[in-house]
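> Listed here are the chains, written in short residue letters.
2 protein chains.
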Amino acid sequence: MNNNVAVITRMVIEAMEKQEASKNSENGYMVPIGVSGRHVHLTQEHVEELFGKGYQLTQKKELMGGQFASNEVVTIVGLKLRAIENVRILGPVRKGSQVEISKTDAIKLGVPAPIRESGDIKGSAPISIVGPKGVIYLKEGCIIAKRHIHMPPKDASLAGVVDGQEVSVIADNERGTTFNHVQIRVDDSFTLEMHIDTDEGNAANIRTGDTVRIIK
Amino acid sequence: MNNNVAVITRMVIEAMEKQEASKNSENGYMVPIGVSGRHVHLTQEHVEELFGKGYQLTQKKELMGGQFASNEVVTIVGLKLRAIENVRILGPVRKGSQVEISKTDAIKLGVPAPIRESGDIKGSAPISIVGPKGVIYLKEGCIIAKRHIHMPPKDASLAGVVDGQEVSVIADNERGTTFNHVQIRVDDSFTLEMHIDTDEGNAANIRTGDTVRIIK
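Sequence lines, in order, name chains A and B. According to the working numbering, the first sequence is numbered sequentially starting from 1. According to the working numbering, the second sequence is numbered sequentially starting from 1001.
Derived by calculation from the structure, the hints in this document are not laboratory data. Ideal placement from N, C-alpha and C gives every residue a C-beta, glycine not left out. Any given hint might turn out to be false.
[Unchecked claim] With a cut-off of at most 25 Å between alpha-carbon atoms, the simulated PhoX-like pairs for lysine-lysine come out as follows:
id: 1; chain 1: A; residue 1: 146; chain 2: B; residue 2: 1108
id: 2; chain 1: A; residue 1: 80; chain 2: B; residue 2: 1108
id: 3; chain 1: B; residue 1: 1108; chain 2: B; residue 2: 1080
id: 4; chain 1: B; residue 1: 1061; chain 2: B; residue 2: 1133
id: 5; chain 1: A; residue 1: 60; chain 2: B; residue 2: 1108
id: 6; chain 1: B; residue 1: 1146; chain 2: B; residue 2: 1061
id: 7; chain 1: A; residue 1: 108; chain 2: B; residue 2: 1146
id: 8; chain 1: B; residue 1: 1060; chain 2: A; residue 2: 108
id: 9; chain 1: A; residue 1: 146; chain 2: A; residue 2: 53
id: 10; chain 1: A; residue 1: 146; chain 2: A; residue 2: 61
id: 11; chain 1: A; residue 1: 216; chain 2: B; residue 2: 1216
id: 12; chain 1: A; residue 1: 122; chain 2: A; residue 2: 95
id: 13; chain 1: B; residue 1: 1108; chain 2: A; residue 2: 108
id: 14; chain 1: A; residue 1: 61; chain 2: B; residue 2: 1108
id: 15; chain 1: B; residue 1: 1061; chain 2: A; residue 2: 108
id: 16; chain 1: A; residue 1: 108; chain 2: B; residue 2: 1080
[Stated by the list, open to error] Facing chain B, a subset of chain A residues (Cβ under 10 Å, in silico):
id: 17; residue: 66
id: 18; residue: 67
id: 19; residue: 172
id: 20; residue: 174
id: 21; residue: 203
[Unchecked claim] Computed footprint of chain A on chain B, listed as stretches where at least three residues anywhere in the stretch have a Cβ under 8 Å from a Cβ of chain A:
id: 22; region: 1100-1106
id: 23; region: 1178-1189
id: 24; region: 1202-1211
Whole structure, please, built from the sequences with the hints as guidance.
This is how it looks when you write it as structure tokens:
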């Protein structure tokens, strides 16, 4: 009896998923938006250079994918000595330090930041980071984040896309914008979300929690 | 003889235009981009309230369509008393005063500016404008400009579009962005150019002089 219930339950779930997938393939798979403001990732070594020996980042707000916004902020300064204050550090610490800004920030700072995937900082722009106890100069590490969609495998399967694929995504509102060259990233640890920066969010008039549609 | 030359010349020109039109209809009509920063249009009355009785705007730089960037700048202040300094006034003076900002500016100022065509300010956001000799408070007039393409009739004919039509336009670069709901505006006085704001330019990684393609 218990076994039958399990079987029937599974069949119903599968049927519902198929129906959902078919609906999604007609209209395009819906994805919630997460707009990222400018932020910094740091190694533990760099945290200590900026905030003092033995210093640990403290959590202000939990984010998706095990990350958090820390209470700690820094000032970033570009080659032309123009500065942006109060740039939030995201934790936990990473293996490499990296500064993610928007194109608008890059123009303000006078920094030739390339559009890159997170972590791909080779040959990217130099930037200085100022903390309360010290400063660091990154010879490279300042990028504009390339937009992408985080997906757990189940959503990728339902949407009919694979890791590394590029898709187009439509924000079908009053302004009406289609983002092309949007990279799909599939991982068990991911929550379904499309990550864009503040320029992209503002140009398309969308914000965190709004949904967009994959149109391939 | 002269008559023959004129006829042949006209035939060649027509053939070339047809060829161009056919090429354009395959690949989409190419349009140069003009990115507009935040700016203010003022009535003469408001110029005098801000800069003094009898004051005339002075030209800093000629722009397309008979407009100019003036040497005069103002500070704009939103409902939450947050300010943006050095906002350029565009001349010549108009019949209505209007402040055009980006969504990024609207967020910074805390102003609920709607996306509107230039001149369509009814029910738009209030804003204060501060000049060296006085201040004005606009009960309405602060908008985010709706993107559009200015075209002389000949380009409209070649592109196969009409005044008031909405088209999609692709910026086919590394970032890859399609702007939907782009309004065509046809007038003899217009120079072919797509007008977008700084958010849109930065999100798409394009700037004044780059070209985009109408894909309808």
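> Against the earlier hints, flag every one the structure doesn't satisfy and list their numbers going up.
As far as the earlier hints go, 9, 17 and 18 are violated by this structure, in ascending order.
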